[in-house]
Amino acid sequence: MKHLKMALMGSAVAIGTTGSATAGDFDGVELKMLAIGDTSVTRLAPIVGEFEELTGAKVQIDMFPYPGLIDKIVIEASADNPSYQLMWVDSPWVGVLGESGALEDLTELVKRDAEEIHLDDIIPIQLQENTWQGRLLAFPASGMIWHQNYRKDLYEHPEEQAAFEAKYGYPLTPAQTWDQYIDIAEFFTRDAGEALAGEVLDKPFYGNAQAYSRVAGAITHDFFPIMRSFGGQYWDAETGLCAMDGEAALAAANVMKELVAFNPPDYLGLMWDIRTGYMERGETAQSSYWSVRTVRLTNPDEAVLPTIGEAGYAASPTGDGNPQPTMTGALSFAINSKATDTEKEAAWEFIKWGTSQDMMRRFAEEGSGVSQFHKSILSDPELQEKYPYYQVLLDTQENAQRRIFHPFYADVEEVFGVELNKFMAGETESAQEALTNACTKINTRLKVFPEDLRLRWINDAQAEIFD
Amino acid sequence: MSAPSKRQTVLVYLLLAVVLIVFLTPIYLIASSSVKPSPIMFQKPPAFLFTPTLEHYESLFGMRPFAKFMLNSLVVSFGSTAFSLTFGTLAAYAISRIRHKRMNDVAFWILSMRMFPPIAVVVPYYIIFKTVGLLDTPLALIIVYSTANIPLTVWLMKGFFDEVPMALEEAAAVDGYGLFETFWRITLPLAAPGLAVSAVFCFVFSWNEFLFALMLTGSEAQTVTVAVMSFWSSDAVQWGRIMAGSFIILIPGVIFVLTCQRWLVRGLTMGSVK
Amino acid sequence: MAYIRKRNKKIFGIFLVPAMLVLFLTTIYPMLYAGYLSFRSYDLAKPFVPRVFVGWSNYREILTSSEFLHTLIVTAKLMAMTLSVQLVLGVGIALLVTQKLPGMGVARTLLLVPMMISPVIVGLVWLFLYFPELGYLNYFLSFLGVGAIPWITSTNWALWAIAIADIWQWTPFVMMGTAAAVQSLSPEPYEAAMIDGNSRWDVFTRVTLPQLKPVLVSLMFLRAIDAFKIYDIIFVLTKGGPGDTTEVLSLFIYRQSFTFWRMGVGAAASFVSLVIIVVLITLFFKSLNRDDYA
Numbered sequence: 001m002k003h004l005k006m007a008l009m010g011s012a013v014a015i016g017t018t019g020s021a022t023a024g025d026f027d028g029v030e031l032k033m034l035a036i037g038d039t040s041v042t043r044l045a046p047i048v049g050e051f052e053e054l055t056g057a058k059v060q061i062d063m064f065p066y067p068g069l070i071d072k073i074v075i076e077a078s079a080d081n082p083s084y085q086l087m088w089v090d091s092p093w094v095g096v097l098g099e100s101g102a103l104e105d106l107t108e109l110v111k112r113d114a115e116e117i118h119l120d121d122i123i124p125i126q127l128q129e130n131t132w133q134g135r136l137l138a139f140p141a142s143g144m145i146w147h148q149n150y151r152k153d154l155y156e157h158p159e160e161q162a163a164f165e166a167k168y169g170y171p172l173t174p175a176q177t178w179d180q181y182i183d184i185a186e187f188f189t190r191d192a193g194e195a196l197a198g199e200v201l202d203k204p205f206y207g208n209a210q211a212y213s214r215v216a217g218a219i220t221h222d223f224f225p226i227m228r229s230f231g232g233q234y235w236d237a238e239t240g241l242c243a244m245d246g247e248a249a250l251a252a253a254n255v256m257k258e259l260v261a262f263n264p265p266d267y268l269g270l271m272w273d274i275r276t277g278y279m280e281r282g283e284t285a286q287s288s289y290w291s292v293r294t295v296r297l298t299n300p301d302e303a304v305l306p307t308i309g310e311a312g313y314a315a316s317p318t319g320d321g322n323p324q325p326t327m328t329g330a331l332s333f334a335i336n337s338k339a340t341d342t343e344k345e346a347a348w349e350f351i352k353w354g355t356s357q358d359m360m361r362r363f364a365e366e367g368s369g370v371s372q373f374h375k376s377i378l379s380d381p382e383l384q385e386k387y388p389y390y391q392v393l394l395d396t397q398e399n400a401q402r403r404i405f406h407p408f409y410a411d412v413e414e415v416f417g418v419e420l421n422k423f424m425a426g427e428t429e430s431a432q433e434a435l436t437n438a439c440t441k442i443n444t445r446l447k448v449f450p451e452d453l454r455l456r457w458i459n460d461a462q463a464e465i466f467d
Numbered sequence: 001m002s003a004p005s006k007r008q009t010v011l012v013y014l015l016l017a018v019v020l021i022v023f024l025t026p027i028y029l030i031a032s033s034s035v036k037p038s039p040i041m042f043q044k045p046p047a048f049l050f051t052p053t054l055e056h057y058e059s060l061f062g063m064r065p066f067a068k069f070m071l072n073s074l075v076v077s078f079g080s081t082a083f084s085l086t087f088g089t090l091a092a093y094a095i096s097r098i099r100h101k102r103m104n105d106v107a108f109w110i111l112s113m114r115m116f117p118p119i120a121v122v123v124p125y126y127i128i129f130k131t132v133g134l135l136d137t138p139l140a141l142i143i144v145y146s147t148a149n150i151p152l153t154v155w156l157m158k159g160f161f162d163e164v165p166m167a168l169e170e171a172a173a174v175d176g177y178g179l180f181e182t183f184w185r186i187t188l189p190l191a192a193p194g195l196a197v198s199a200v201f202c203f204v205f206s207w208n209e210f211l212f213a214l215m216l217t218g219s220e221a222q223t224v225t226v227a228v229m230s231f232w233s234s235d236a237v238q239w240g241r242i243m244a245g246s247f248i249i250l251i252p253g254v255i256f257v258l259t260c261q262r263w264l265v266r267g268l269t270m271g272s273v274k
Numbered sequence: 001m002a003y004i005r006k007r008n009k010k011i012f013g014i015f016l017v018p019a020m021l022v023l024f025l026t027t028i029y030p031m032l033y034a035g036y037l038s039f040r041s042y043d044l045a046k047p048f049v050p051r052v053f054v055g056w057s058n059y060r061e062i063l064t065s066s067e068f069l070h071t072l073i074v075t076a077k078l079m080a081m082t083l084s085v086q087l088v089l090g091v092g093i094a095l096l097v098t099q100k101l102p103g104m105g106v107a108r109t110l111l112l113v114p115m116m117i118s119p120v121i122v123g124l125v126w127l128f129l130y131f132p133e134l135g136y137l138n139y140f141l142s143f144l145g146v147g148a149i150p151w152i153t154s155t156n157w158a159l160w161a162i163a164i165a166d167i168w169q170w171t172p173f174v175m176m177g178t179a180a181a182v183q184s185l186s187p188e189p190y191e192a193a194m195i196d197g198n199s200r201w202d203v204f205t206r207v208t209l210p211q212l213k214p215v216l217v218s219l220m221f222l223r224a225i226d227a228f229k230i231y232d233i234i235f236v237l238t239k240g241g242p243g244d245t246t247e248v249l250s251l252f253i254y255r256q257s258f259t260f261w262r263m264g265v266g267a268a269a270s271f272v273s274l275v276i277i278v279v280l281i282t283l284f285f286k287s288l289n290r291d292d293y294a
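Protein chains in written order, with the numbering used here: chain A, 1 to 467; chain B, 1 to 274; chain C, 1 to 294.
Treat the hints as calculated values from the structure; they're not laboratory data. No false leads were slipped in.
Just a few of them, taken from the derived set where beta-carbon distance is under 8 Å, the chain C residues facing chain A: (1) A45; (2) F48; (3) I152; (4) V236; (5) G241.
All of these numbers come straight from a predicted model, not from anything done at the bench. We put the beta carbon where it would ideally sit given N, CA and C, even for glycine.
Produce the complete structure using the sequences and hints provided.
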């Protein structure tokens, strides 16, 4: 490690004070990226030629399916001479990859190039999201939050507003508490033949659409943000053991169970995008999910809603209406720690290029901006008009907390996926039983390790970038 | 078999129509979804009438080197099929002809190669191929798939060889045919339908395999199955592209089966001439 | 006799040994490696998990695990459901498409198409059909007056949903194998049987079926082995849910080997499952071939 830092410092001096590369610096360097086929990558893949022109380094991006990708990364990382120098990383994987030393520490590079990458302009939690033990191991390419989307046009319809207030005794606005969320879900759940905003429905309309499927861990991707919004913690700060069977987790599981009645009937089969589909077709009043998908609600080519109504965006509801940390996530780029020093420099150059302020603005203008992490972009009035949810992204991240980043994240997702799904399917009597079962299974694995190690794994040390 | 009567003919076609509808509806779904605009991909009730779009096909070839992946799949599938048929057919013939108690055990040992759960051997194969520099090459997949395809061929061909009467071979021996000549000129043509079936199964297995193809390849040897599945990304399952890809990758398989079909009929006529 | 023995030796050497050698060389290392792992604690993703020899404890854990037992039961149920239907349907359709009538060749080819789709993609395609509300299947069924069936979202239906997708994909396998065998049957016994005035059903059970038996047995062996390892379709359709109703053996092994990275446990589970399938197949084999090589 020390050796590498020295080497990097040396090269920084050699390259120049700003650390930015000029044409031909990396002639002959070939980089391969182990990646996925999502927007954060597909918008870059067609233009890697520009990077080659700029630096001389040739980059090839290989895209693989999301299911199985982390397994492929782990196998790849275990090999001594890597096939891939660059890796696409989902932020919860930072723990397992970080603790095994698979990812290169980017902290010093970020500090060195702070000016070039406009470090001040990057939302701090998006960097924190990619840290392990205070060290930055990946760089955000897409910053996400989990937030609510709703039918703005319906919420603003006078008849619906009046009917809602008459029934529940308070005005119809985007839910601030989960109780309100459930009220709204109940209020808007209508059968075919009933009226909605003055028109007779020819098919059912739902109050809410959440995901309950076990496929690709979908159910946990909704459960954990809700648990966090009740102020829940993943881990017990004293012992480092599972705390996801506490009151907040219980409340979250029960909220999800209550929402079943107002969800499309195929709730147990709903995974991420089938669920967002209901919102995108305008068939549900509200749906909360990751902001990477929100962009579709603004685009008539990808969603029906823009042509039949209007989407509104708000922060995730919380337990008591007081602001609780929103959950963030990041889809990031990282460097394989086993790459050679030159490859690492070139790879870092690529990451900087692909996630730079200018590039992200270009993506936003081209329509593939999706989920941003630069304050200047999120607050740009023109872009905000194009992407109305940018304001929510900007506001909520001030009081945000990162996603789970424990090395045993995969176990947590799998075990809670099974147990929560059993509870929702009626196989387990109570939420308490389901959550206790899940925690017991997780703890069985964790108790093998000494307490100080367990406490280290849950320690969200402040990123050492700003000192 | 005698030719069926008129009433039977009608009945046969009726039943066949039902069977075809049941088995081909999902294929129709793939085809129609591959030209369906994304916003109405899922809706209630399902959309049957819509303006078809070619956007999914365009992005399929625009976003991935899909033609190259197709070629990889062809190389891997044909390679493994040829390899497995050669070794498997020979072994099957031996097992069918040698009347010895131990032969059952040999046959069973070969079959057991197909029984081991593949998941447990992914990492060992990765390590070997990495060490010998075969990772991300079609050869690696050909080898792995053959370990499953040889047993399949052996078992299918043994069944077909068993049906070829020994008397024929003894007669050939009397006529002065050598061992290999007898096998090649007499026995194998009679078991040709089995060969066609085995070829199809080997091809199909290699064409469709996902787990090894995902773990053992990168951009050089990636197969179409992995390429199609790679449209399952972190923010969306890109249904339209997956369906477009699935539809395209059906075509080589259908062509291959059609080719084998002719072979199957030829085997049949040769068999009845004898 | 001497001729046969000499001939056998030659056949053995030229025909059989190469295949055995190829199989041995390509599988020996992975098998040994897996065997070695099954006695160890080994986590590929988390090097800080002690990598030590643990004796039989991985095996003990699996054999006493109720989760493992559950997956075995689900796998057995699924095998029974899929294999029986595939056998009956496959043979039935094979008899249908081997009739000497025009268009049968085309029908045979069309019916093979389901087999040419990767099981992972089959899973995705059947999602289109199965969604209770958005799916095509319930839409079609509604015309027959059948109410919405919660195919993949109900603990009562999910296993059937998976079985149906698997049957759809692999009935063509049985059909094709059987059709090829039917076509290579020698015509003499039929002519004799028809002259004797037997009904078609009698001809089928007394003449056709016995002749098809070796091929059908082979086909069923192969199907049984693959069905025992079924994984892809479920991975996409339900991933074991709802609850744990579709948790099959291979999902268990996948979860242990990859997701949890307990590769030792995964390897041990693989060997246990190998023993189970070997025993099952041997019993089946013995009961079928009792008189063959006596």
